[in-house]
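Residue numbers (this note's numbering), protein chains in the order written: chain A, 1 to 131; chain B, 1 to 131; chain C, 1 to 131; chain D, 1 to 131.
No wet-lab data here; the hints were simulated from the structure.
Mixed in with the good hints, there may be bad ones.
Same chains, same label: a pair holds when it works inside one copy or across any pair of copies.
No farther apart than 30 Å at their CA atoms in a straight line, the calculated lysine-lysine pairs in the DSSO-like style are these [claimed, not checked]:
| hint | residue 1 | residue 2 |
| --- | --- | --- |
| 1 | K73 | K105 |
| 2 | K10 | K101 |
| 3 | K73 | K16 |
| 4 | K10 | K105 |
| 5 | K101 | K73 |
| 6 | K105 | K16 |
| 7 | K101 | K16 |
Number of protein chains: 4
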Amino acid sequence: MSVTLEQAEKLSQAAKEKAAAIGVPMNIAIVDEGANLVSFHRMDNAWLGSVDIAIKKAKTARFFDMNSGEIGKLSQPGGPLYNIEHSNGGLISFPGGVLLKDGDKIIGAIGVSGGSVDQDHEVATAGAEAI
Amino acid sequence: MSVTLEQAEKLSQAAKEKAAAIGVPMNIAIVDEGANLVSFHRMDNAWLGSVDIAIKKAKTARFFDMNSGEIGKLSQPGGPLYNIEHSNGGLISFPGGVLLKDGDKIIGAIGVSGGSVDQDHEVATAGAEAI
Amino acid sequence: MSVTLEQAEKLSQAAKEKAAAIGVPMNIAIVDEGANLVSFHRMDNAWLGSVDIAIKKAKTARFFDMNSGEIGKLSQPGGPLYNIEHSNGGLISFPGGVLLKDGDKIIGAIGVSGGSVDQDHEVATAGAEAI
Amino acid sequence: MSVTLEQAEKLSQAAKEKAAAIGVPMNIAIVDEGANLVSFHRMDNAWLGSVDIAIKKAKTARFFDMNSGEIGKLSQPGGPLYNIEHSNGGLISFPGGVLLKDGDKIIGAIGVSGGSVDQDHEVATAGAEAI
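Whole structure, please, built from the sequences with the hints as guidance.
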């Protein structure tokens, strides 16, 4: 079982509404349980560099089945996963990538980029909770 | 002037309806006038390998301001643009990438992949005409 | 509205004059509002490795609509954007990438590399202010 | 001995004048004897996809010390250099890349992209002859 396009559209809509509410245009990517892209939306005037980052956050979360920011805690200098960002064509290991779950089952992930990492995580969470 | 997310959503919806009408799940990508991704949708059960192809078709069309299939006519063995596909991180030069125009102004491009190239082009055209 | 080649040439000339004044040969890149390259100049004897860095600095500035050095303040170990440099095919997050503005409108960015980061920033700023 | 920035600017100006004369906006790249970029100019409204192609044409010419189109004659299916375009991060093997010579000495190359290959070659030749 994996996130459907219909679900992805619903989650993206919830994320866009949260982004609009906090006044920050965002890039929003959703991947399925195979870590393959399902949907992407760049809100008008959102950062161009965040297209790639939003997609990489979603993939990073699903690659390791944890929110992207958890990886960043482990990838610091001296940490156990130091510079893991070099793998998989480039990871993004700061917050904004959040797992999508149906009960206990992981069905994909959402990645958001365009504001501060706190804002990105807030918008991604709003999307993830709309399942 | 460039395609907005609202326009991209409308065009993608038209493309999805055409894809549903012909019974082929499609990947649908839209880029802006700077060839940067604006939106992407993968319909349920569409080919995974077509995620990248749909995006590359849209970029290819905007890179050279012509539909992607026009490039492929010129890039064959013995043709004037043989192996142009090695540029820009990889082009896709068969049909399915169509320019988006507002009057005479090019505002972006749509790329579709998931069926035969004729089906891809048909769905992309249905999207492009919905502006 | 985006930086024109005529504007880019004028800005590059101002940057070259500043580079000559401080006695450091520089690489100078200018990208448009879509983060696509408009012009590049490598002064005689400027570092070869700075060709790519100058281009990446300009792109980095436009990707996130801030000077490149601002990203580097946030991407340090323990910082909120740690290792963001892995995105977008490689960012350069130290100073030398400066936004180009026409009033409030961002129309592109200039990236300079060849000296110390302070020198790079000084030359990039001289270019950006010549609009 | 290698092409200087001053020479590159003179050659690029000649190429731009030829491009204007034939009414086709072009991307013009010049590399030195080390195949490293010296200068680049994208004329307003020139194809975005030709940024990379112009640079690759110039590098291809200098990589093998022959005009880029000569490579394409050898890289066809069944030819001795079939698919050589896969090397060096991507070659462009159709016309538009022309060697720069000072007498018998190769000092760099110019690459032009934005029109038909005949137009590209014509503009590149106009640049190369301005030495």
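For this session: Tell me, please, which holds for K10 and K101 at an alpha-carbon limit of 30 Å: within, between, both or neither?
Result: both (14 Å within a copy, 29 Å between copies)
For this session: State whether the alpha carbon distance between K101 and K16 is at most 30 Å within one copy, between copies, both, or neither.
Result: Both, since 19 Å and 26 Å are each at most 30 Å.
Problem set entry | K101 and K73: within-copy, between-copy, both or neither at 30 Å Cα | within (22 Å within a copy, 34 Å between copies)
For this session: With 30 Å as the alpha-carbon cut-off, assign the pair K73 and K16 to within, between, both or neither.
Result: both (27 Å within a copy, 28 Å between copies)
Exercise. From the Cα coordinates, with 30 Å as the cut-off, is the pair K73 and K105 best called within, between, both, or neither?
Worked result: within (24 Å within a copy, 37 Å between copies)
Problem set entry | Identical-chain pair category, K105 with K16, by Cα at 30 Å | For K105 and K16, the Cα distance is within 30 Å both inside one copy (25 Å) and across copies (24 Å).
For this session: Check K10 against K105 for me: Cα-Cα at most 30 Å, and say if that holds within a copy, between copies, both or neither.
Result: both (19 Å within a copy, 27 Å between copies)
Going down the numbered hints, you'll see the structure goes against none, and every one checks out.
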